[in-house]
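**Q** Let's have the full structure, built from the sequences with the hints guiding it.
2 protein chains.
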Amino acid sequence: MPSSEAERRAGGRQLYELCGSDPARVFSPYCWRIRMALALKGLAFESVPWRFTETERLAFARHDRVPVLVDGDRVVVESWEIAQYLDRAYPQTRQLVRGEPATYAFLLAWADSVLFARASRLIVSDIPALLDARDRAYFVASREARYGMPLPLVTADRDARLPEFRAQLQPLRRVLRDQKFLGGEAPDFADCAVFGGFMWARVVSPLPLLAPDDAVFAWRERMLDQAGGMARRIQAAEVTPP
Amino acid sequence: MPSSEAERRAGGRQLYELCGSDPARVFSPYCWRIRMALALKGLAFESVPWRFTETERLAFARHDRVPVLVDGDRVVVESWEIAQYLDRAYPQTRQLVRGEPATYAFLLAWADSVLFARASRLIVSDIPALLDARDRAYFVASREARYGMPLPLVTADRDARLPEFRAQLQPLRRVLRDQKFLGGEAPDFADCAVFGGFMWARVVSPLPLLAPDDAVFAWRERMLDQAGGMARRIQAAEVTPP
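Protein chains in written order, with our numbering: chain F, -3 to 238; chain X, -3 to 238.
If you're looking for bench data, these hints aren't it; they were derived computationally from the structure.
Identical chains blur together in the list; that is why a pair holds if it fits in one copy or across any two.
Calculated pairs, SDA-like style, for lysine to any residue (alpha carbon to alpha carbon, straight line, at most 25 Å):
no., residue 1, residue 2
1, Lys176, Glu74
2, Lys37, Thr89
3, Lys176, Gln80
This structure is a prediction, so every number in the text was calculated from the model and none was measured.
**A** The structure is reproduced here in structure tokens:
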């Protein structure tokens, strides 16, 4: 491990990504957007594990959360900014934000305010088990404050709420019945953005968010197959047999 | 009025639009998408009033519903096809479908399956009053079959359900806090698509779908102001004082 952030940043391309005890199990939906974007573009990167309580390690980026991309002497923060930066910096790679960037805003807002917000209420109680003690204390306290209740209570009736969650995916389902990807014939940043939410859930929780006969499930399989199956190789939460 | 559809189609640009007894109160959300697209492009058109039970009048288009656009010797059906046709046929006008058309699919699916579907459960019982007897019989029978109950029952508790409807607009609200339009600085077909749903509601129902302090309300005002206030001049349903 390099002796300092400065030394680490001395060259190459690094993506600071959220993880827990196991640095290989990256799980932030926003980091996954960029991990997948880099993979679709064929841009290699070094994953730099980062944990919730390591804010000071991002001081060099004048930012307090991941993803942070270091690309040679460039530092870029926020997944949407990073996605657009990558298209500009590497015009010869697959362009993931096509046409007018503003037209992606609605899908990104839906992913945040519907997909991630509702998925969180189904899986948030699975996350503490992935974290070291210090991160766990921070995470539990901040999320319990957000939900106003203990995390096991947030997800207590999750099996009963799964049908309602799946119903909320109807716009996604309708598109993916007619198109292979949200981007059309091939995935674009819309696919990365939504897939990030599903990878987050897959890595942290055994809850089956999608039924196997769902067009969204089939799309997720196609995304898992992208870039030589990069996402599929990340360890998923184990499904405990009932 | 021309003596036949063939004679009417002999030249110019006509948009077949859904209306009730009053031909000026066009109310189909899908027709509104195209009415607005034509207005934003500055393309004049003759509105051809069409009613639910006049399927045979669309035989020339080999189609059974509106919008139908007749543009000289071209006949184009389905709002999404018409939008793309207009951009191709009039490249010198404002382009409303920018970049990859597939990237609009998610927003269109959300408009159909969330906005229109949920708005319908709030306003559907207001529609029969706009229709002539024959259309009213068709409309009430087909919609009662869809909902499995009398239309007044579908909307009976609508005041109580309004907050939940407004909550479903959160992705829209989030975008419109940061952008003037869904298309960015100026409206594009995404704006037309969503605005169509709000015009449908505005023309048929006195129910205030949006609160005045909502960013979506402010956006709707901006859309009402487009093209010299075209949409604002269409008579809205009257709000009955309580």
